[in-house]
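Chemist: Spelled out, the chains give:
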Amino acid sequence: MKQIVQRLLQAVLVLFGVALLLFIMVRVIPGNPVAMMMGDHADPAAIERISHELGLDRPIHEQFFIYLRNVLRLDFGTSITLGRPVADLMTAAFPNTLKLAVCAAVFAWVTGIFCGIISAAYSNSFIDHLFMGISLLGLSMPVFLIAMVLQYVFAYHLHILPISGTDSWKSFILPAIALGWNCAGSVARLMRSSLLEVMEEDYIDTAYAKGRSHAGVLIFHALRNAFLPVVTMMAVQFSALISGAVITETVFSINGIGRLAAAAINGRDIPLLQGTVLFSTLAAVLGNLLADWLYLLLDPRITEAI
Amino acid sequence: MADTVLEVSHLTVSIPMGKEVFPAISDVSFSVQSGKITGLVGESGCGKSMTARAIMGLLKPNCKITEGSILFDGKEISHASAKERCDLSGNQMSMIFQEPMTSLNPLMKVGRQVEEALRIHTKISAAEAEKKTVEIFREIGVPDPEKRLKAYPHELSGGLRQRVMIAMAMICRPKLLIADEPTTALDVIVEAQILSLMKQLCESGTGILLISHNPGVIAQVCDDVSIMYAGTIVEQADVYELFDHPMHPYTQGLFNAVHSLSEDRGELDVIPGTVPDITHRPSGCGFCTRCTQVKQQCESSFPVMHEPIDSHRVRCHLFDGKESHEHAH
Ligand SMILES: Nc1ncnc2c1ncn2[C@@H]1O[C@H](COP(=O)(O)OP(=O)(O)O)[C@@H](O)[C@H]1O
Ligand code: SF4
Ligand SMILES: [Mg+2]
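Quick note, the sequences are listed as chains R and U, same order. In terms of this note's numbering, the first sequence has 177 at position 167, counting the first letter as 1, and numbering is strictly consecutive. In terms of this note's numbering, the second sequence has 186 at position 178, counting the first letter as 1, and numbering is strictly consecutive.
Bear in mind the hints are in silico, worked out from the structure with no lab data behind them. If you're wondering where the values come from, they're calculated on a predicted model, not measured in any experiment.
To be clear about the criterion: a stretch of chain U counts as covered by chain R if any three or more of its residues have a C-beta under 8 angstroms from a C-beta of chain R, and this derived list gives those stretches:
#1 100 to 112
#2 122 to 130
Taking lysine-lysine pairs in the DSBU-like style, the calculated list, with each CA pair at most 30 angstroms apart, reads:
#3 U/K207 x U/K83
#4 R/K12 x U/K158
#5 U/K117 x R/K12
#6 U/K140 x U/K44
Don't be surprised by glycine CBs; every beta carbon is placed ideally from N, CA and C.
Required output: the full structure, derived from the provided sequences and hints.
Modeler: Below, the structure is given as structure tokens:
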């Protein structure tokens, strides 16, 4: 119980810290951030007006409390480049990011876990070397390259899947694969090494000595133990996926959080940047909490410590 | 005369390393009678666990049985198929290991782990299996069995965990139980309890192979004893004969170590030197690097098993030509 409270407090603290950091960053950047945002040839009157709108002309502590209050209300102000409330933009973008994240996660985990188990079960065989080779490729290939290859082969050449957009579920297949490729590679490798490690444990011998077959040992004893580290990795991966995939969303023209973040950076759009960064932080924090909670659920030894 | 449950003859297990193949154990022969406890003693690294694993079919993939036979209940099992092993293991023959903490699955309640063997080998309902588990827990002295059933391994003490391991191994009433250093990780009081439990179990007809590096443990409960050194059996006799007349220099050294410790609580009178690694074993007698009575032929020629007294065998050049009359080769 104490540990849970501690973890929650930590999460709140991290969120507060990131909010504070964002606040400070905007203010310590030399020069007027609004002027920077609007470029070299901006009208001074307009700069004045926007500074006023953003509250940048008030005393600093007042600014901070207003900022904090607004953040708590999920009010991040109006995007300067897109001209709409940041909250609205993000609400519109989130479902696409969520769909993409879920599809990518399902693809990555199903293939990663499957390949990892097969590789471990037939370790050092041809199939193991093949899977591990592919996964290494997955880890070392940049997302945009995978994305473009997929687009070229399946959309441009074979015409079996849409090249971009979010019109149907089919549109999510290629981006999900492109985005999930890396995750699949790391899950496969961790699953394999974790399973091989578990198979060396004494309780695996005990299970064989009881009369379990190879498959029985794997299913009833090895897999659950081997999953523990993988589950943590998956929770962290999911929080990363959900906080938006800048490159994938851009390449496949998906209107999601990642593209908003990209737009915010390109346009020096401070309100939008604050909104997207805080959102990613929240996703990361929740992902870590989820990992802790799953571990608690799966490993009785942890419950003891709480 | 009791039935022989296990008859190991001339067993050799080899491990390829680099271009060479090294025997981890060679020419190992002994037997286990039902209702009796056979002890296997030797310092660590002598090949005791390897012997146990070979019998259970649990050898690591790099280790292969290259010679000899293992007769279990009259059946040859040294090259049994995976399917045959599944039918035998946990059912007719079972094993408990040295480390009770790491030998139990940490994520599974101990009750389920004990039941598992029953569920694998018999068609039994969940309720019935649980009842039997409670019964065996009670029989082997697990206090408060209904509650312990639902405990996870980390919630139990070392002694209780080892009892759980024993319950698991015994629940199908096997003909053979192999206990590989079952008390090495436990304190002396718990060790005594576990040993008397072993004694009690063998009275119900199970034959037990008890492995230990401690001759004291063996002296307490065993009927027959084999002394193992550097992968071979060096001496073999019933427990009284062996402790009264240890013949092999290694056995004598091993026993002296225990005696000097218990008598004057002084310096442990251990045999100087260490067990040679399997890649560095002498071609002659394995003990020649540490033996105080080493003779010229010891380093070059591997001693054969002699039987100077009936049913007391020793593998040492000191006994060359001293066979008892009936068993002269
Ligand atoms: N899988 C293995 N591969 C290579 N050598 C091994 C393996 N298992 C055991 N050995 C070696 O075989 C010898 C006997 O080991 P073991 O049977 O565990 O001894 P004991 O149980 O008597 O302490 C040791 O020298 C050990 O290092
Ligand atoms: S054979 Fe030789 S070296 Fe070996 S125990 Fe006997 S006397 Fe010692
Ligand atoms: Mg051992």
